[in-house]
Amino acid sequence: MVWANVTVQGILLGGLYALFATGLALVFGVMRMVNLAHGDLGILAAFIALFIVQSLGLPLLWATVLTIAIMFILGYVLQRGLLNFTLGTDDTRPIVVTFGLSIIIQNALILKFSADSQGLDAGKIENISIKISNQMSIGWFPLIVFLTAVAVIAVLELFLARAKLGRAFRATSDDREAAELMGINNKHIYSLAMAIALAIVALAGVLLAIRTTFDPTQGGFRLIYAFEAVIMGGMGSMWGTLAGGIILGVAQTLGTQAFGAGWGLVAGHLVFLTVLAVKPSGFFAKTVTA
Amino acid sequence: MTDVVLELQDVDVFYGDFQALFKVSFQVEDGMTFAFIGANGGGKSTLLRTIAGLQRPTSGHVLFHGEPVDQYPAHTRVGMGIALVPEGRRVFPSLTVRENLLMGAYGGRKGDWNVDSVVELFPLLKPLLKRGAGSLSGGEQQAMAIGRALMSNPELLLLDEVSLGLAPVVIKRIYEAMVQLVGSGHTILVVEQDVGHVLTVSDYVACFLEGRISLEGKPADLSSEAITAAYFGM
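Here the protein sequences line up with chains A and B, keeping their order. Here the first sequence is numbered in the numbering used here, starting from 1 and rising by one per residue. Here the second sequence is numbered in the numbering used here, starting from 1001 and rising by one per residue.
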């Protein structure tokens, strides 16, 4: 029963990983760009929410909504004003530029907020749980995070499958130049994709900040977990990303239970490396790579 | 006097250091079928890409209805009524046939074309609408690619090597469709390596050799010896 409980906690944790990874997967899917600043942008969102709560005194829910809106706009401007110029023949350019962006964000956050750990307080929702048995109880907050991840991914999949704009995302992903011939401005499409990606990672960052403490240097870890989730799930499939996040979460909690604290992260990475060796395209790969 | 839909004035196009087009000039009148023939690497595809806006001339101008369109990117030119069916068909493989066709209507330009009228023109597409476009045969993909371009309700349709690699029966159907399109008021600019079919449907033909027009005129006025000479540069 202990193991069942640990597994359930791992699944719920996987929802948060998937939420972090969704934007990364979307950006890679639409424009084949690897955004190394993705994790730091999530942490930036957590600090923006913290600032809004502490300095403007807004309730956390409104601060979250406002943060998501800010990150959406930031995503559009960042892509249109900077990252679009890095795309083209040389794949290393966006990697170098987003790596630089990652360093800038981390250090700007340290300057403004110091390197101390911070937390966002969501009140009593953080501590209440549903008791299933003596050995298993499910926290309301992790459950909400997991359901949020499922809802976000469902809406995103529906958008990509049904909406006219979602179709344009997929067409641009298939063949940028042919999409241009259909009247699609790919610079605009890329910017919208980044806007949506950062809106989602903003939500992920705020939920992370409520779940645990955070500091400016955590973006790198978030990025690695997100990458592992995306690659295990398979490029181009949002549900695959959720599956990848869950596999990672369960591997980490089971690893901790079996070998003690600290070994969880190792177990997660080992499972990832195993998947990479056995099934390098991931479990649900959909993206057609030329 | 008929209306000039498209005019090129001394267009030079470079890929890096390589010059693909040399001072190319011509006019296309409304409702005309204008054919470019020539061997591989002659600059025919570059020409269509330049008209569609995927390639920029280093000097010279592209005029659409007398207005220069050089500063407009490809995605804006679709809305003005210029549609290109690119070489190699370039379908969206992860989209269904219907979704591919709907992508053509993305710009929202008004006109008579919709999924139903495209299916009427190419009945072979009817049972395939829900299929993934990547699973189609070459001929089916080509019909869909032409239909997709028509969905943008173009005034000027640019067709790049539409018969390449297709079965003769499919080529015949595509050329029949081309005649129907001209009947319904479209102006067509078609590029082909295969001279036979294209001469039967075109009003005017120009032969491309190494980035220059080596011969031009009405098909009836050109002897096959002259065309062969211009085609191979003899």
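Derived by calculation from the structure, the hints in this document are not laboratory data. All values derive from a computational prediction rather than experimental measurement. Among the hints, a few may not be true.
Stated by the list, open to error - Result set (DSBU-like, lysine-lysine): computed pairs, CA atoms no more than 30 Å apart in a straight line:
| hint | chain 1 | residue 1 | chain 2 | residue 2 |
| --- | --- | --- | --- | --- |
| 1 | B | Lys1218 | B | Lys1172 |
| 2 | B | Lys1126 | B | Lys1110 |
| 3 | A | Lys164 | A | Lys131 |
| 4 | A | Lys164 | B | Lys1218 |
| 5 | A | Lys164 | B | Lys1110 |
| 6 | B | Lys1110 | A | Lys187 |
| 7 | B | Lys1130 | A | Lys164 |
Claimed, not checked - Covered by chain B, per the in silico footprint, the following chain A stretches (three or more residues, Cβ under 8 Å):
| hint | region |
| --- | --- |
| 8 | 168-176 |
| 9 | 183-189 |
Said to hold, decoys possible - So these bits of chain A aren't anywhere near chain B, every CB distance computed over 12 Å:
| hint | residue |
| --- | --- |
| 10 | Val34 |
| 11 | Ser133 |
| 12 | Met136 |
| 13 | Trp140 |
| 14 | Leu158 |
| 15 | Leu165 |
| 16 | Thr212 |
| 17 | Gly236 |
| 18 | Ala243 |
| 19 | Gln257 |
| 20 | Val278 |
| 21 | Pro280 |
Backbone N, C-alpha and C define an ideal beta-carbon position, used for all residues, glycine too.
Now for the hints, and whether the structure bears them out:
1. For the proposed pair Lys1218 of chain B and Lys1172 of chain B, the alpha carbon gap of about 22 Å is at most 30 Å, so the pair holds.
2. Using a Cα cut-off of 30 Å, the hinted pair Lys1126 of chain B and Lys1110 of chain B holds, with the two alpha carbons roughly 23 Å apart.
3. With a C-alpha separation of about 44 Å, the suggested pair Lys164 of chain A and Lys131 of chain A falls outside the 30 Å cut-off, and the hint is violated.
4. Taking the CA atoms of Lys164 of chain A and Lys1218 of chain B, the gap is near 44 Å; set against the 30 Å cutoff, the hint is violated.
5. Restraint check for Lys164 of chain A and Lys1110 of chain B: the C-alpha separation of about 17 Å stays at or below 30 Å, so the hint holds.
6. Under the criterion of a C-alpha separation no larger than 30 Å, the hint pairing Lys1110 of chain B with Lys187 of chain A is consistent with the structure, at around 24 Å.
7. Between Lys1130 of chain B and Lys164 of chain A the alpha-carbon distance is near 16 Å, which keeps this suggested pair within the 30 Å criterion.
8. Requiring three or more residues with a Cβ within less than 8 Å of a Cβ of chain B, the coverage given for the region 168-176 of chain A holds, as 6 such residues are present.
9. Counting residues of the region 183-189 of chain A whose beta carbon lies closer than 8 Å to any beta carbon of chain B gives 4, which reaches the threshold of three, so the coverage claim holds.
10. Taking the minimum C-beta to C-beta distance to chain B, about 20 Å, the non-interface status of Val34 of chain A holds against the 12 Å cut.
11. No beta-carbon of chain B is positioned within 12 Å of the beta-carbon of Ser133 of chain A; the least distance is around 45 Å.
12. For Met136 of chain A, the non-interface assignment is confirmed: its Cβ lies about 41 Å from the closest Cβ of chain B, beyond the 12 Å cut-off.
13. For Trp140 of chain A, the shortest C-beta to C-beta distance to chain B comes to about 39 Å, beyond the 12 Å cut-off, and the non-interface label holds.
14. With a least beta-carbon separation of about 15 Å from chain B, Leu158 of chain A lies farther than 12 Å from that chain, consistent with its non-interface assignment.
15. Non-interface call for Leu165 of chain A relative to chain B: violated, since the shortest CB-CB distance, roughly 10 Å, does not exceed 12 Å.
16. Distance check on Thr212 of chain A: its Cβ is at least 38 Å (rounded) from any Cβ of chain B, clearing the 12 Å threshold; non-interface status holds.
17. Residue-level check failed: Gly236 of chain A sits 8 Å from the nearest beta carbon of chain B, not beyond 12 Å.
18. Non-interface status of Ala243 of chain A relative to chain B is upheld: no Cβ of that chain comes within 12 Å, the nearest being about 20 Å off.
19. Taking the minimum C-beta to C-beta distance to chain B, about 40 Å, the non-interface status of Gln257 of chain A holds against the 12 Å cut.
20. Listed as a non-interface residue, Val278 of chain A keeps its Cβ farther than 12 Å from every Cβ of chain B; the least gap is roughly 25 Å.
21. Every beta carbon of chain B lies more than 12 Å from that of Pro280 of chain A, the smallest distance being close to 20 Å; the non-interface claim holds.
In the structure shown, a violation is registered for the earlier hints numbered 3, 4, 15 and 17, in ascending order.
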